[in-house]
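Take a look at the letters that make up each chain.
There are 2 protein chains.
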Amino acid sequence: MPASATHGDVATKFSETVGVGNLLTGDAITEDYCHDEALTGGLRRPGFVAKPATAEQVAALLATASEHGISVTARGSGSGLSAGARPRDGGLLISFEHMNAVLEIDTENHVAVVQPGVTLSELDERTAAAGLAYTVYPGELSASVGGNVGTNAGGMRAVKYGVTRNNVLGLQAALPTGELIRTGGRISKVSSGYDLTQLIIGSEGTLALATEVTVKLVPRLTHGATVLAPFEHFEAVVAAVPKIIGSGLGPNILEYIDNLTMAAITHSAELQLGVPDAIRDTAEAYLVVALENRDADRLEGDVETLGELVTELGAMEVYVLDGPSARKLIEAREKAFWTAKAAGANDVIDVIVPRTAMPEFLTKSREIATETGSGVIGCGHAGDGNVHLAVFQADDDKRHDLLHRIFETGMALGGAISGEHGIGREKKAHFLALEDPAKLELMRRIKQSFDPAGVLNPGVIFD
Amino acid sequence: MPASATHGDVATKFSETVGVGNLLTGDAITEDYCHDEALTGGLRRPGFVAKPATAEQVAALLATASEHGISVTARGSGSGLSAGARPRDGGLLISFEHMNAVLEIDTENHVAVVQPGVTLSELDERTAAAGLAYTVYPGELSASVGGNVGTNAGGMRAVKYGVTRNNVLGLQAALPTGELIRTGGRISKVSSGYDLTQLIIGSEGTLALATEVTVKLVPRLTHGATVLAPFEHFEAVVAAVPKIIGSGLGPNILEYIDNLTMAAITHSAELQLGVPDAIRDTAEAYLVVALENRDADRLEGDVETLGELVTELGAMEVYVLDGPSARKLIEAREKAFWTAKAAGANDVIDVIVPRTAMPEFLTKSREIATETGSGVIGCGHAGDGNVHLAVFQADDDKRHDLLHRIFETGMALGGAISGEHGIGREKKAHFLALEDPAKLELMRRIKQSFDPAGVLNPGVIFD
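Quick mapping for you: the protein sequence lines, in order, are chains H and S.
Counting from 1, one number per residue, gives the positions in the first sequence under my numbering.
Counting from 1001, one number per residue, gives the positions in the second sequence under my numbering.
Treat the hints as calculated values from the structure; they're not laboratory data.
Here a beta-carbon is modelled for each residue, glycine too, at the ideal position from N, C-alpha and C.
Calculated cross-link-like contacts (lysine-lysine; reagent style BS3-like; alpha-carbon spacing at most 25 Å): (1) S:1243 <-> H:160; (2) S:1428 <-> S:1398; (3) S:1160 <-> S:1335; (4) H:439 <-> S:1439; (5) S:1160 <-> H:160; (6) S:1160 <-> H:243; (7) H:51 <-> H:13.
To give an idea of the chain H side of the interface with chain S (calculated C-beta under 7 Å), a few residues: (8) 108; (9) 151; (10) 152; (11) 163; (12) 187; (13) 194; (14) 203; (15) 246; (16) 385; (17) 419; (18) 420; (19) 423; (20) 439; (21) 445; (22) 449.
To give an idea of the chain S side of the interface with chain H (calculated C-beta under 10 Å), a few residues: (23) 1175; (24) 1180; (25) 1182; (26) 1301; (27) 1354; (28) 1383; (29) 1384; (30) 1461.
Taking the hints into account, I'd like the entire structure generated from these sequences.
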């Protein structure tokens, strides 16, 4: 903060913008605002927490912050895993908890218009009532749409419906320079200048803050089934994926779960899947495939076809889960992060590689783990090549080395450090060390073109 | 060009890069290189036409152009409609005609890796042989993938599969500063820094030039059917669209064709659709719906369901077209641009609006046309709200006024000037006059961050 403005002066300005009751400072700032769900890095205490009610207030907060050189971090539900919503000491945290309304479900244009603080579960309820669905479905349904825009969140249904960037059609966004802009809209395509919607999505709060989000809705298919197939070798799981997708069955979930993770999540969810000990003891990994259809008979036919297909592809057995078991398994899979956390994981990462490279990536990652006296176990989006690994290594330096080598391995295989969690603060050092310097320079210039004062989430993605 | 380097000096540098036989200057430059398919604006004669064979050559050409301040325009097949591939007088035109190979069809990761000059028809043949499909399908199949990346091309199948930006997973691109970068890859999602792939797509050759494109492939569904449904009123066509999409039938084509356009394209294609005179004389517009399925019986069931649905929704009749008629109709629809051109249209535009706003947009556009003594007729992507209008007004000033008011109307309804053709050179004045100045300023700064020398396609999108 420049010497010319005191903390008190700036607090006055912020509270004039959002109202005294919507600005917290000092001890009024509870611990919740000091972190997200990243497992490392601890707490950071912001100087101010503002809870705006309108887009104009967000823009005014940013203008004040830019004027006084105060860092700004946005927070939706705080469920991110890369510390993108962890504030800077003394900075401004903008919490979107009061901007949490579903503004409209437009059943003719098949879009929803929402404020950034709305949770996925709220949006899911509202769209269900209209026979529609917003299909981005990361594990944590308390996550906010605005946070999902920040990280370009993915989740299990991405194999069929894509990730956040494929399902957000338009934004209203506040620029750090204080203007409000609108990008895209209730339209599924635009070729009129650069696509600012796409640029802002995934920028982890470093370019602009979404103040309204227009998302695409699709017909909600009411009939669903889940198939669980254990395989003796992980390679066979991976080899099955292109065959299942190529079949045209159109799975909406296509996950793998390794045997250790399956043991952990079934134990913690008290899940009885009917898998006999003989199979459980020899299966290296499980494939979970969900199908959906508008028609019950067609779904039944598809399940049968899928069963035959995975059997041909070497599954040890095929279990068609009943409704409650399927829901429990998917929920348990969604909660894999919490299971890993409870088991004492020191970090959770989500490298993405071309899906055929998953076996090599996992083999090498396990070798690196062994060499460094660490553990890596996990599950992931088999259809996407997005490998979620729980990392067990308490020593910070050793873990840094381990992660560096794992990320390097993933990138060398044609992948990227993160498929959906983002770089945030915690993976930044690796990103800066491993990414092409020409791209980093270009990204820095883009950052500068949005945020000349450098106030939006400094320390996230870049230093 | 700075006085320090003569045309001859620069030509020598360029020919050292691509080889003497691959650099054209002076009279060796044929008229083909002086335009694309934009109906207005005429010819521009480049000073140099270079035909690189490798990405490295493209990067070297750009470095030389930046050094000497020479404008650079990229050309794929030259089938664009906004003059984005029309060179500048005296500038460098980079033709990708020698970089036209399908490098790989990867049947495991379901991607194709292609050079930018490859045509859609070539890619379609190659993917068909593998039982896969690249689904971006603008009318002109001689178009190049690189050109499609430039304009973010759409087409009829976008209603199911999205546009170019939804189907391109990665790029190798040459920056105007001379570096080659790789973005994305054989992976369907990344959250690791800003999405440069998405930023370059749709930038009309003003930010970077794609030198290799990785596209997503999907299973090719072998059973297809096309239904034609005349409606008495256009409003009923538009009202039918959300019901058809909401049904979950998943149409892969959902077009409307107005009665005049239908008369023109059926006449020029000598198409017999079996529509009796009584219907032809009273129908205001036709809906064309294509369905596809991996299973013939299911397709038959879907066609029946669709027939019942459009009848309920007020169709005057339902025609299930046989294979040859359906192909001819779709081809004729694809060729609507050529029909309009042959009929003497002075321009062809493709405003996008929320699909529910199509009737109001068309009514207002026709009113504006009447007021200015002009004609507008057309067809369009009903599922997307993308209205293609052939514009008949020979007077340049009157046409400028007409277009300005039509674009303004589309934007006021929540749309954009172009859904898939791009802004290019010919719609730039309207774009600059109608777009939010804050967004234009931001786009200019982004342009500057990629292209500090301002050599890439100056005069396209911006002045």
